[in-house]
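Reading the sequence shown from the start, the letters are residues 33 to 337 in my numbering.
The reader is advised that the hints may include incorrect statements.
As the list claims (entries may be wrong) - DSS-like mimics (lysine-lysine), calculated; alpha carbons at most 30 Å apart, straight line:
1) Lys-258 to Lys-61
2) Lys-258 to Lys-212
3) Lys-125 to Lys-155
4) Lys-218 to Lys-50
5) Lys-36 to Lys-155
6) Lys-125 to Lys-61
7) Lys-155 to Lys-50
8) Lys-61 to Lys-96
9) Lys-96 to Lys-36
10) Lys-125 to Lys-175
11) Lys-210 to Lys-159
12) Lys-36 to Lys-61
13) Lys-36 to Lys-97
14) Lys-218 to Lys-97
15) Lys-144 to Lys-97
16) Lys-144 to Lys-50
17) Lys-144 to Lys-335
18) Lys-175 to Lys-159
19) Lys-212 to Lys-144
20) Lys-61 to Lys-97
21) Lys-210 to Lys-50
22) Lys-144 to Lys-61
23) Lys-258 to Lys-218
24) Lys-155 to Lys-61
25) Lys-97 to Lys-159
26) Lys-36 to Lys-210
27) Lys-159 to Lys-212
28) Lys-159 to Lys-144
29) Lys-258 to Lys-144
30) Lys-155 to Lys-210
31) Lys-96 to Lys-125
32) Lys-210 to Lys-258
33) Lys-258 to Lys-125
Claimed, not checked - Now the in silico label distances, taken between C-beta atoms and shown as ranges:
34) Glu-177 to Ser-336: 37 to 43 Å
35) Arg-328 to Lys-144: 38 to 44 Å
36) Lys-36 to Arg-316: 35 to 41 Å
37) Glu-60 to Gly-214: 34 to 40 Å
38) Lys-50 to Ser-204: 32 to 38 Å
39) Asp-215 to Lys-155: 44 to 50 Å
I should point out that these hints are in silico values taken from the structure, not numbers from a laboratory.
Remember, predicted model here, so these are calculated numbers, not experimental data.
Ideal Cβ positions, reconstructed from N, Cα and C, are used throughout, including at glycine.
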Amino acid sequence: MAIKWEGVMPAVTTKFTKDDELDLVTFEKNINAQLEAGVNGIILGGTLGEASTLTPAEKETLVKKTLEITAGQVPVIINIAEQSTTEAIQVAKNAESWGAQGLMLLPPMRYKATDHETVVYFKEIAKNTSLPIMIYNNPVDYKIEVTIPMFEELLADCPNIQAVKESTRDISNVTRLKNKFGDRIKILCGVDTLALESMVAGADGWVAGLVAAYPAETVAIYKLVKSGDIEEALRIYRWFMPLLELDISPQLVQNIKLAEVATGLGTEYVRAPRLVLQGAERERVQGIIDAAMAVRPELVEYKSL
Numbered sequence: 033m034a035i036k037w038e039g040v041m042p043a044v045t046t047k048f049t050k051d052d053e054l055d056l057v058t059f060e061k062n063i064n065a066q067l068e069a070g071v072n073g074i075i076l077g078g079t080l081g082e083a084s085t086l087t088p089a090e091k092e093t094l095v096k097k098t099l100e101i102t103a104g105q106v107p108v109i110i111n112i113a114e115q116s117t118t119e120a121i122q123v124a125k126n127a128e129s130w131g132a133q134g135l136m137l138l139p140p141m142r143y144k145a146t147d148h149e150t151v152v153y154f155k156e157i158a159k160n161t162s163l164p165i166m167i168y169n170n171p172v173d174y175k176i177e178v179t180i181p182m183f184e185e186l187l188a189d190c191p192n193i194q195a196v197k198e199s200t201r202d203i204s205n206v207t208r209l210k211n212k213f214g215d216r217i218k219i220l221c222g223v224d225t226l227a228l229e230s231m232v233a234g235a236d237g238w239v240a241g242l243v244a245a246y247p248a249e250t251v252a253i254y255k256l257v258k259s260g261d262i263e264e265a266l267r268i269y270r271w272f273m274p275l276l277e278l279d280i281s282p283q284l285v286q287n288i289k290l291a292e293v294a295t296g297l298g299t300e301y302v303r304a305p306r307l308v309l310q311g312a313e314r315e316r317v318q319g320i321i322d323a324a325m326a327v328r329p330e331l332v333e334y335k336s337l
């Protein structure tokens, strides 16, 4: 399946049971809600998907289960965030053999690579797979920025590098990328609290987090912006903002899973060393969710936009 790298692509959570096993029943319910809302792809095993705690067997199960659920409606993409180039290449090969249709690549983990090392890392993975690739550019959380000169080299040598998850938190970077590369690289906003602004600036899509709990609202904002109805998009976005801010936190997984409980699309079980929210912080986050749910907006018909 060809990937257009546009629209809303949920970075979905991984569902666990209270016994720390994959909860595929709840997972399927959530994926079906994403499809019903009109998302354009499913991204597995990102930060929100608790990738660092998943075994290779669990990753295989998640890819194959998602392919079964989606049944060709949208592409299934898996994230790669490994400790070595060799491991990353192996995950890319595994993903292709499992049937995944795309990859999202983080820079080297647990080591602050130089620009040259980062480019070589991405190139080595790209040349060892035929799958299309989206580079995850998040210098705030991962301390490595993929700069315009680095993208120049990557795009010149790797035709399967086709998109970027733009998470520099600098809105003007959308314009810089568009000015330099046009449509050679698709841009998807990776920061929930900057999504509307990024799309107005020309981003092609949104790799979203709170979409895990609120798929319809997320897709509606995207569709409204792209159709030119900024006023209606802003009405939903302003309601959404306190929830979206739950995504820019070290506890984003726990926060978003608590929101999934509120909308009936998940449980709050996380995998250690993460723990469910407790005490005053739990009360704070639950208060934000409760306040939003009390005034959850009515949505216009957006799917045909």
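Structure-based check of all given hints:
no. : hint                           : verdict
1   : Lys-258 to Lys-61              : holds (28 Å)
2   : Lys-258 to Lys-212             : holds (22 Å)
3   : Lys-125 to Lys-155             : holds (14 Å)
4   : Lys-218 to Lys-50              : violated (39 Å)
5   : Lys-36 to Lys-155              : holds (21 Å)
6   : Lys-125 to Lys-61              : holds (28 Å)
7   : Lys-155 to Lys-50              : violated (40 Å)
8   : Lys-61 to Lys-96               : holds (16 Å)
9   : Lys-96 to Lys-36               : holds (21 Å)
10  : Lys-125 to Lys-175             : holds (27 Å)
11  : Lys-210 to Lys-159             : holds (25 Å)
12  : Lys-36 to Lys-61               : holds (25 Å)
13  : Lys-36 to Lys-97               : holds (22 Å)
14  : Lys-218 to Lys-97              : holds (27 Å)
15  : Lys-144 to Lys-97              : violated (34 Å)
16  : Lys-144 to Lys-50              : violated (36 Å)
17  : Lys-144 to Lys-335             : violated (42 Å)
18  : Lys-175 to Lys-159             : holds (25 Å)
19  : Lys-212 to Lys-144             : holds (26 Å)
20  : Lys-61 to Lys-97               : holds (12 Å)
21  : Lys-210 to Lys-50              : violated (46 Å)
22  : Lys-144 to Lys-61              : violated (38 Å)
23  : Lys-258 to Lys-218             : holds (15 Å)
24  : Lys-155 to Lys-61              : violated (37 Å)
25  : Lys-97 to Lys-159              : holds (27 Å)
26  : Lys-36 to Lys-210              : holds (16 Å)
27  : Lys-159 to Lys-212             : holds (24 Å)
28  : Lys-159 to Lys-144             : holds (22 Å)
29  : Lys-258 to Lys-144             : violated (37 Å)
30  : Lys-155 to Lys-210             : holds (22 Å)
31  : Lys-96 to Lys-125              : holds (15 Å)
32  : Lys-210 to Lys-258             : holds (16 Å)
33  : Lys-258 to Lys-125             : violated (35 Å)
34  : Glu-177 to Ser-336: 37 to 43 Å : holds (39 Å)
35  : Arg-328 to Lys-144: 38 to 44 Å : holds (42 Å)
36  : Lys-36 to Arg-316: 35 to 41 Å  : holds (39 Å)
37  : Glu-60 to Gly-214: 34 to 40 Å  : holds (39 Å)
38  : Lys-50 to Ser-204: 32 to 38 Å  : violated (45 Å)
39  : Asp-215 to Lys-155: 44 to 50 Å : violated (22 Å)
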